[in-house]
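2 protein chains.
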Amino acid sequence: MASRTATELVHPDRGELRFTDVAAALSDPVRLAIVARLAQVAPDGELACGTFALPVSKSTQSGHFRTLREAGVIRQRDEGTRRLNRLRRDDLDALFPGLLDLAIAQGHRELSSWSAAEDARADAPAGGRTR
Amino acid sequence: MASRTATELVHPDRGELRFTDVAAALSDPVRLAIVARLAQVAPDGELACGTFALPVSKSTQSGHFRTLREAGVIRQRDEGTRRLNRLRRDDLDALFPGLLDLAIAQGHRELSSWSAAEDARADAPAGGRTR
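Protein chains in written order, with the UniProt record's numbering: chain A, 1 to 131; chain B, 1 to 131.
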């Protein structure tokens, strides 16, 4: 009997990647932030889904990872109870040179703006905090 | 009294352009084809909406032009009864270098595939035509 975490993770081959799907996957600030965080780990470095501090619910986050995987932006694999993610840089750079680097730069802007908002909340008096 | 064609055409300023909006605008094959056709006319060249032979209805086509304009990919202006379009290459190249050229290359692929499909239909015996 398959274990609960053994979902089959489908990935498009390089030849199946479409610019329209990749562009759609990159049209969301949370997904750009995920891409930027993955780019911070060394080439082929992997990060577990749980390690991304994203301003969205866990299920929304899962949907974003799935969108990125189905478009061919990331590879996912399960290791025990963790789902690990890495960028498909070779495939993307071969097909759409420069696109991933643009997305990474934009993702870093998103991360910075969230971080600045976080600092502003931390600096505010307790009564003024909104969460 | 305003004439029927004098719709105000709103354009985001360069500073208002967002990568997420531009990526979303470029995530559709018809919009990529529009971008590629506009790139064929000389820098700052303009094409009227009616001159694009696109495999979609006129109203769908209008929606695609509006999406491109609102994202900041094209500028539109009315001249008499014609609505003219041109790429915002300077703005896009300054903000997202390389993105427009990727989109143009992908758009040419779309145009080629439609053209090949058109040729195949033209070559087929009359009974076999599907339109």
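If you're looking for bench data, these hints aren't it; they were derived computationally from the structure. Please note that the accuracy of each hint is not assured.
Claimed, not checked - On the chain A side, residues computed to face chain B include the following (Cβ under 10 angstroms):
(1) V10
(2) R14
(3) F19
(4) S27
(5) D28
(6) P29
(7) A53
(8) P55
(9) V56
(10) S62
(11) G63
(12) G80
(13) L84
(14) R86
(15) G98
(16) L102
Said to hold, decoys possible - Some chain A residues well away from chain B (every beta-carbon gap over 10 angstroms; in silico):
(17) Q76
(18) R77
(19) E79
(20) Q106
(21) D119
Model, not experiment: these values are computed from the prediction. We put the beta carbon where it would ideally sit given N, CA and C, even for glycine.
Each hint, compared with the structure:
With its C-beta approaching chain B no nearer than about 20 angstroms, A:V10 sits outside the 10 angstroms limit, and its interface hint is violated. For A:R14, the interface hint is violated, since its Cβ never comes within 10 angstroms of a Cβ in chain B; the closest pair sits about 16 angstroms apart. Given hint, A:F19 at the interface with chain B, holds; its Cβ is 4 angstroms from that chain's nearest Cβ, closer than 10 angstroms. Proximity of A:S27 to chain B holds as hinted, the smallest CB-CB distance being about 4 angstroms (cut-off 10 angstroms).
Given the 10 angstroms rule on beta carbons, the hint for A:D28 holds: about 6 angstroms separates it from the nearest Cβ of chain B. Here the hint on A:P29 is kept, as its CB sits about 6 angstroms from the closest CB of chain B, short of 10 angstroms. For A:A53, the interface hint is violated, the least distance from its beta-carbon to any beta-carbon of chain B being 20 angstroms, above 10 angstroms. Checking A:P55 against chain B: minimum C-beta separation of about 15 angstroms lies over 10 angstroms; hint violated.
Proximity of A:V56 to chain B is violated relative to the hint, the smallest CB-CB distance being about 15 angstroms (cut-off 10 angstroms). Restraint check, A:S62 versus chain B: the minimum CB separation of about 20 angstroms is more than 10 angstroms; hint violated. Checking A:G63 against chain B by beta carbon gives a least distance of about 16 angstroms; that is not within 10 angstroms, so the hint is violated. The closest approach between the C-beta of A:G80 and any C-beta of chain B is roughly 34 angstroms, which is over the 10 angstroms cut-off, so the hint fails.
Proximity of A:L84 to chain B is violated relative to the hint, the smallest CB-CB distance being about 25 angstroms (cut-off 10 angstroms). Here the hint on A:R86 is broken, as its CB sits about 21 angstroms from the closest CB of chain B, past 10 angstroms. Because the smallest distance between the Cβ of A:G98 and any Cβ of chain B comes to about 4 angstroms, under 10 angstroms, the interface hint for this residue holds. The restraint placing A:L102 at the interface with chain B holds, with a minimum CB-CB distance near 6 angstroms, inside the 10 angstroms limit.
Every Cβ of chain B is farther than 10 angstroms from the Cβ of A:Q76; the closest lies at roughly 21 angstroms, confirming the non-interface assignment. For A:R77, the non-interface assignment is confirmed: its Cβ lies about 26 angstroms from the closest Cβ of chain B, beyond the 10 angstroms cut-off. With a least beta-carbon separation of about 31 angstroms from chain B, A:E79 lies farther than 10 angstroms from that chain, consistent with its non-interface assignment. A Cβ of chain B approaches the Cβ of A:Q106 within 10 angstroms, the least distance being about 4 angstroms, so the stated non-interface status is violated.
No beta-carbon of chain B comes within 10 angstroms of the beta-carbon of A:D119; the shortest separation is about 23 angstroms.
Hint compliance for this structure: hints 1, 2, 7, 8, 9, 10, 11, 12, 13, 14, 20 are not met, and every other hint is.
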